[in-house]
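Here is what each chain is made of, one letter per residue.
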Amino acid sequence: MSATATKLPRWAELALLPAVNLLAALLLSGVVVKILGESPWAACRLLLGGAFGSQDGLGYTLYYATNFMFTGLAVAVAYHAGLFNIGGEGQAYVGGLGVGLVGLWLGHLPFLVVMPLAILAGAAFGAAWAFIPAWLQARRGSHIVITTIMFNFIAAALMTYLLVNVLIKPGQQSPETREFGPGAAMPAAHELLARIGITFAPSPLNFAFFLALAAAALVWVLVWRTRWGYALRVAGQNQAAAVYAGISPPRIIVQAMLLSGALAGCFGLNELLGSQHRILVDFPGGAGFVGIAVALMGRNHPAGIFLAAVLFGALAQGGSQLSFDMPKINRDTVVVIQGLVILFCGALENVFRGPLAALFRRKEAA
Amino acid sequence: MVERINPTAPALELRGIDKRFGSVHANRAISFSVARGSIHGLIGENGAGKSTLMNIVYGFHRADAGEILVKGRRVDIHAPHDAIAAGIGMVHQHFMLVENFTVLENVVLGVERGALLAGSLAHARAELEKLARDYGLEVPLDAVISELPVGVQQRVEILKALYRGAEILILDEPTAVLTPQEADALFKMLGRLRTEGKSVILVTHKLREIMAVTDRVTVMRQGAVVGEVATRDTSPRELAEKMVGRAVLLRVEKAPARPGDALLRVSNLEVRDRFGVARVKGVSFDLRAGEIVGVAGVSGNGQTELLEALAGIRWPTRGAIELGGRDLVREHLDPHARRTLGLAHVPEDRLRLGVVMSFSAEDNAILGYHDGPAYHRGPLLDRTAIRGACEQKMAAHDVRPALPAQRISAFSGGNQQKLVLAREIDVDPRVLIVGQPTRGVDIGAIEFIHKKLIALRDAGKALLIVSVELEEILGLADRILVMNGGEIVGEVARAEATEEKLGLMMAGVKEAHA
Amino acid sequence: METYTVIVLTLAATLRVATPLVIAALAGMFSERAGVIALGLEGMMLGAAFSAAAVSAVSGSAWLGLGAGIATAVALASLLAFATVTHRGNQVVAAMAVNIMVSGLGPTLALAWFGLGGQTPQLNEVAQRFTAFAWPWSQTAREHPLPGLLYAELLSGHNLIVYLTVALLPASAWLLYRTRFGLRLRAVGENPHAVDTAGISVNSLRYQAVLICGALCGVAGTYLSTAASAGFTRDMTAGKGYLALAALIFGKWKPYPTLGACLLFAFTDALAARLQGVALPLVGVIPVQFILALPYVLTVLLLAGFVGKAVAPAAIGVPYSKEK
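Order-wise, the sequence lines are chains P, V and C.
The working numbering applies: residue 1 is where the first sequence begins, and numbers increase by one.
The working numbering applies: residue 1 is where the second sequence begins, and numbers increase by one.
The working numbering applies: residue 1 is where the third sequence begins, and numbers increase by one.
Because the hints were derived from the structure by calculation, they are not lab data.
It is possible that some hints are incorrect.
[To be verified] Have a look at the derived ranges for each label pair, beta carbon to beta carbon:
1. P:Arg139 x C:Glu2: 36 to 46 Å
2. C:Ser61 x V:Asp82: 42 to 52 Å
3. V:Asp82 x C:Arg178: 39 to 49 Å
4. C:Phe290 x V:His123: 21 to 31 Å
5. V:Met357 x P:Ile198: 44 to 54 Å
6. V:Lys130 x C:Arg178: 20 to 30 Å
[Said to hold, decoys possible] Stretches of chain P that chain V covers, calculated by requiring three or more beta carbons in the stretch to come under 8 Å of a beta carbon on chain V:
7. 217–228
8. 242–254
Heads up, the beta-carbon is just placed ideally off N, CA and C, and yes, glycines get one too.
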């Protein structure tokens, strides 16, 4: 009965409600900024200006958005199978190892050879890191939320070990590898644009942005237009009905997590091949967790994820701009805002649904 | 304020109770009263508003309008504890017991005496022993609920209400989990409560029960009271017509069966649950073309496990299921493979197994058949074909509204069931197994579904029907298997079956002694 | 004798490491037994760790720090309860939101208030911390190593919160199994409908459970920043909330088995600390990163070994609505 009482028109469900939730999260973020002793309005202006006010700002925004699209899609695919994959951070980290190894070992080959190999390696490493929690959930019923969190910690330990003891560039203090070969560099967006005669300020935005868009399209087709996607959604919504229909939930769990891990693993294509050109400690920098916010905000739909990723890209870029100009704000503040967005778009979504539904009912009655 | 208790006032009186859920008018100005020391029947179809009304009386829902009087005094019931304080007790259809608690702990929950448990438990123990003597309600007080048979669990529910000092006892569909004999024992007990001056409201859709025990009966239809009579002045036919609003067939018309070859052979099947307890024990039977075999039994006696093993949802630990010369168990065929061999399954628990509530009707109409070539173009789903197929099923099976894109949760239970049935018989299976064909389905749809099933039989299909409604089994089956404790305790031809005979077998009395 | 000393010292370290885990696991027990998933332990502890250290640094009183720690964790718990109980939001999502938000909020406020990069000022004064205190004659006792060392290191020489935890365990078990409140709490995690029909408010019970969970997390977090170390540092819980939750699951949601699981974690941790830099036969020196990862690997192993969900509170993670 309560379902009918809180039913919203489709457009409101898909656009209005997320917008209201986002607004609430941003309002509360403004309160946090105020508590920190800065002006929310000034912060807002600086943030928007930093993210969209210049060509290189926009470039950075879309560059960050590329990262968040990969991790957001990873969360969404698992979500449709009824799984909450919190391991995007670790999967991106280990997937980056795969991408990086291709860059280190095969970077002397031409880009057109390196890129597919890097995609394969990133996806394979990320999928492999997701496999163990997936298998444990499917076969042993181990809580995947906890195991994926643990795998984030274990990935961090493993990668630190590898970077400190194995992959470190000889004769260097900081734990990072040597630079990749020239064939392992994603073409930068401003260079690609220059080729067709458009001048655009240099930024780390690169070809991986299009790969992320392609990944989003691929996820859409897979989840909503194939029989595998149908099976995935049945298993995610109702496991018993899946068994009834001849769909094996354990198999779907493992497959979905492999795809999820593979998507997160592609993160390195943008961050490493597109920008850093080496593997360094903690390069995901929380992007895996941002993916959760992006997926929830984007209603686990690729189109929504694209928009949410741009929003969080703007937040990341504008936020770093902000920390230059406002000494009391740093990248941790952006993490707070991410948390608030997850809270309002994920956990508190029902708070505004009721009142909105009442509003629509009254309008209908009138 | 001086309480004025009128000794002649009814135990419970409802005046103009009105309740809406969104656009659904669940209760329309309902008024009736229950005399002291009487058993009052409340009868109506699924969705007639009986449960809503009783939930209002028990404080689960708030009425939009109307008032409730107990012994002539107006009471405000906002929550269950107000109802309990007013002397109203309720035994829900799904028991409200904590499975891993003992009987004693369940009884004291919510009416503990003080912050420590020891005292409450000791007090309850003494009190319950007295109640058990007074009403013949023996239960093992220290047993854990999950280890007790459902019949005993029901007694715990009644004890709970009496321990809370209930003067008015509401029972919602109490016999769904009982054999006819157990039901008779329950009714005898209710009779005892009546002589002690307590009042009982019996909510049911079974006419037999109303006729057997009640003093008066109120009939509800579409949220409104459509009649109230003394039970001795009415007949089952009259009540049925009031419930439905038109003349109804209480029996389905059908020709004698002409069974052909055995299509499904089950031999020595054993199924264990996840705790290793055998739920189906050495079951063997044949299912022939052109016949309907009914499986009767009190729910929880292995029927669910049998159905799920046949459908491939559960793996038997022993035995064989042969279909078209292939052993489904040894070949380890999953539900999908079984469908391709011509075994279709309408599941017992529609909401849990049969549909995905968040999906549209058309997406539900391909569940289990989503791999079929008709629904694909290359690797992609063919949405046009899926919609077309759903429209066709909806038309052929009178599913209303005929909107393939609408969420299945927005359809009534009867229409959901018709769609599931359509999905399963549209592929022209050789064998159809059906669990609870008409659970949660209104009378109009029941007739439709029964006719469809008989038409399938007449088309030479083999049907296995599991139902806890004896009337349904008697109406449909050509041959009846009775299950008790996981075993088939006997087989009866339809012509020789009576409710009494089946009831004894359901209670575990073997055929030979019956 | 050398070995004996090492064993006693390792056991004493186990006790100190186990303390926040045990408190957090008991906190989780109250929440999960009432049917609310306790993934928020991590965030509530971290928030408490920050407030306790910050208030203690400013006020100079560890007790005020404890009060602030508890208040913060309870506030976060109320937020969780508001989202998941009142508004029936997804419990896992709500908890992760709080965890992520708090992981950013601590360092942000530390920067804004103390101008230090993501940490609170060092707590140098005795009154600012819950420090270990020695029992009478523990120095003398050391002269008779066998019982003396046990007395001096294992029984004596801990801070107040460690001793409180020893009392907290039987108290929690008693509350859960011997009182009206415990009966209702366990009932609401198994079958909230039964509780509702018995005339008890499901929401109010779940609020109480989650708030108790918050209060205990407050103590655990305070321990981390004012007893186990001298101030708050970024992400200082380092997954302890999740470890506690894993211990609770492995302990089948029962107080004493959960204690056992916590001690196992703590012992591994204490042992690992001893192994750092020590060359072992066959394997040599284990890289420090692997030693640090040991508790996480252990968690995965414990969860993998734990089969069946039958013992979990039946209604866990399911928002309560009257309809079904």
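In rising order, the numbers of the hints this structure does not comply with: Hints 3 and 4 are the ones this structure does not satisfy, whereas the remaining hints hold.
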